[in-house]
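Residue numbers (our numbering), protein chains in the order written: chain Z, 391 to 501; chain G, 4 to 117.
Heads up, a few of these hints could be off.
[Said to hold, decoys possible] Simulated crosslink set (SDA-like; lysine to any residue; CA at most 25 Å straight-line):
{"no.": "1", "chain 1": "Z", "residue 1": "Lys432", "chain 2": "G", "residue 2": "Val22"}
{"no.": "2", "chain 1": "G", "residue 1": "Lys47", "chain 2": "Z", "residue 2": "Val403"}
{"no.": "3", "chain 1": "G", "residue 1": "Lys44", "chain 2": "Z", "residue 2": "Phe401"}
{"no.": "4", "chain 1": "G", "residue 1": "Lys18", "chain 2": "G", "residue 2": "Met63"}
{"no.": "5", "chain 1": "G", "residue 1": "Lys47", "chain 2": "Z", "residue 2": "Ser416"}
{"no.": "6", "chain 1": "Z", "residue 1": "Lys432", "chain 2": "Z", "residue 2": "Arg456"}
{"no.": "7", "chain 1": "G", "residue 1": "Lys54", "chain 2": "G", "residue 2": "Gly74"}
{"no.": "8", "chain 1": "G", "residue 1": "Lys44", "chain 2": "Z", "residue 2": "Ser473"}
Hint data in this document are derived by calculation from the structure and do not stem from the laboratory.
Given next are the chains, with one letter for each unit.
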Amino acid sequence: RKEVEQDPGPFNVPEGATVAFNCTYSNSASQSFFWYRQDCRKEPKLLMSVYSSGNEDGRFTAQLNRASQYISLLIRDSKLSDSATYLCVVISSGGYNKLIFGAGTRLAVHP
Amino acid sequence: EAGVTQFPSHSVIEKGQTVTLRCDPISGHDNLYWYRRVMGKEIKFLLHFVKESKQDESGMPNNRFLAERTGGTYSTLKVQPAELEDSGVYFCASSHPGLWETQYFGPGTRLLVL
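Please put together the full structure from these sequences, using the hints given.
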């Protein structure tokens with residue numbers, strides 16, 4: 391079983407739509423959680439960290455459910471520029487900052 | 004502030020040859036990481052340097068891979084001899100000693116072994 395699992399998509403949505411991505415992780419000792427964004431043939435870039443209390447950054451909201459080992463990302467009012475692959479990333483306890491990546495969820499926003 | 008840079012951007016070599024990838028981290032970032040994405044798979048950790056010391060090399064696939072960071076500045080990752088399954092994108096990342104969770108990635112080196 392993979393340590394971090396994501397629905398690969400693609401999610402095809404119109405501009406202005408709200409879209410949600412989910413991710414599960416297998417190691418209950420995981421301590422830090424992130425969403426990264428990766429554009430085609432580019433490097434991953436940190437989108438936001440994820441906390442148990444939830445956090446919001448503009449149109450983006452991330453949530454963590456430790457009991458269910460589940461992480462979510464909600465994008466409201468989708469823009470064409472949001473089209474990318476969204477990577478769920480975890481750092482396990484004792485992982486020495488080693489990022490563990492999910493395979494990513496592709497989002498395509500169309501006019 | 005300059006970001007993480009990697010060289011070369013692309014490399015095409017034949018099986019059995021040697022390739023050396025270079026990474027220059029953001030200035031002042033003691034932590035340097037190597038990751039790899041092979042086709043169809045997720046990005047996977049290879050190893051982590053703190054300054055010139057290897058903190059964690061649990062992700063290195065085998066002894067054909069050698070990473071160095073002499074002087075604690077730039078790092079090299081040498082693959083010798085290269086095999087077909089080594090093809091993929093090799094990313095380097097760095098983080099500030101006090102903000103280790105935020106890793107900044109370089110643009111990657113695309114390696115194709117024929």
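Requested in this report: Could you grab the alpha-carbon distance between Lys432 (chain Z) and Arg456 (chain Z) and see if it respects the 25 Å cut-off?
Outcome: Between Lys432 (chain Z) and Arg456 (chain Z) the Cα gap is close to 31 Å, so the pair fails against 25 Å, i.e. violated.
Query raised in the report: Between Lys18 (chain G) and Met63 (chain G), is the straight-line Cα distance small enough, at 25 Å or below?
Result: Roughly 19 Å between the alpha carbons, so the hint for Lys18 (chain G) and Met63 (chain G) holds.
Report task. For the pair we were handed, Lys54 (chain G) and Gly74 (chain G), check the Cα-Cα distance against 25 Å. Result -> The given pair, whose Cα atoms are some 8 Å apart, holds under the 25 Å limit.
Requested in this report: Assess, step by step, whether the Cα of Lys47 (chain G) is no farther than 25 Å from the Cα of Val403 (chain Z), and give holds or violated.
Outcome: At roughly 29 Å apart (the allowed maximum being 25 Å), Val403 (chain Z) and Lys47 (chain G) break the hint.
Query raised in the report: Quick one, are Lys44 (chain G) and Ser473 (chain Z) close enough, alpha carbons at most 25 Å?
Result: Roughly 20 Å between the alpha carbons, so the hint for Lys44 (chain G) and Ser473 (chain Z) holds.
**Report entry** Agreement of Lys47 (chain G) and Ser416 (chain Z) with the hint, judged by alpha carbon distance not exceeding 25 Å
**Finding:** 16 Å, holds
Query raised in the report: Does the alpha-carbon distance linking Lys44 (chain G) and Phe401 (chain Z) stay inside the 25 Å limit?
Result: Holds, because 19 Å separates the two Cα atoms, which is no more than 25 Å.
Report task. Verify the proposed pairing of Lys432 (chain Z) with Val22 (chain G), using a straight-line Cα cut of 25 Å. Result -> Given pair Lys432 (chain Z), Val22 (chain G) holds - Cα atoms ~21 Å apart, limit 25 Å.
The structure fails to meet hints 2, 6 from the earlier list, while all remaining hints are met.
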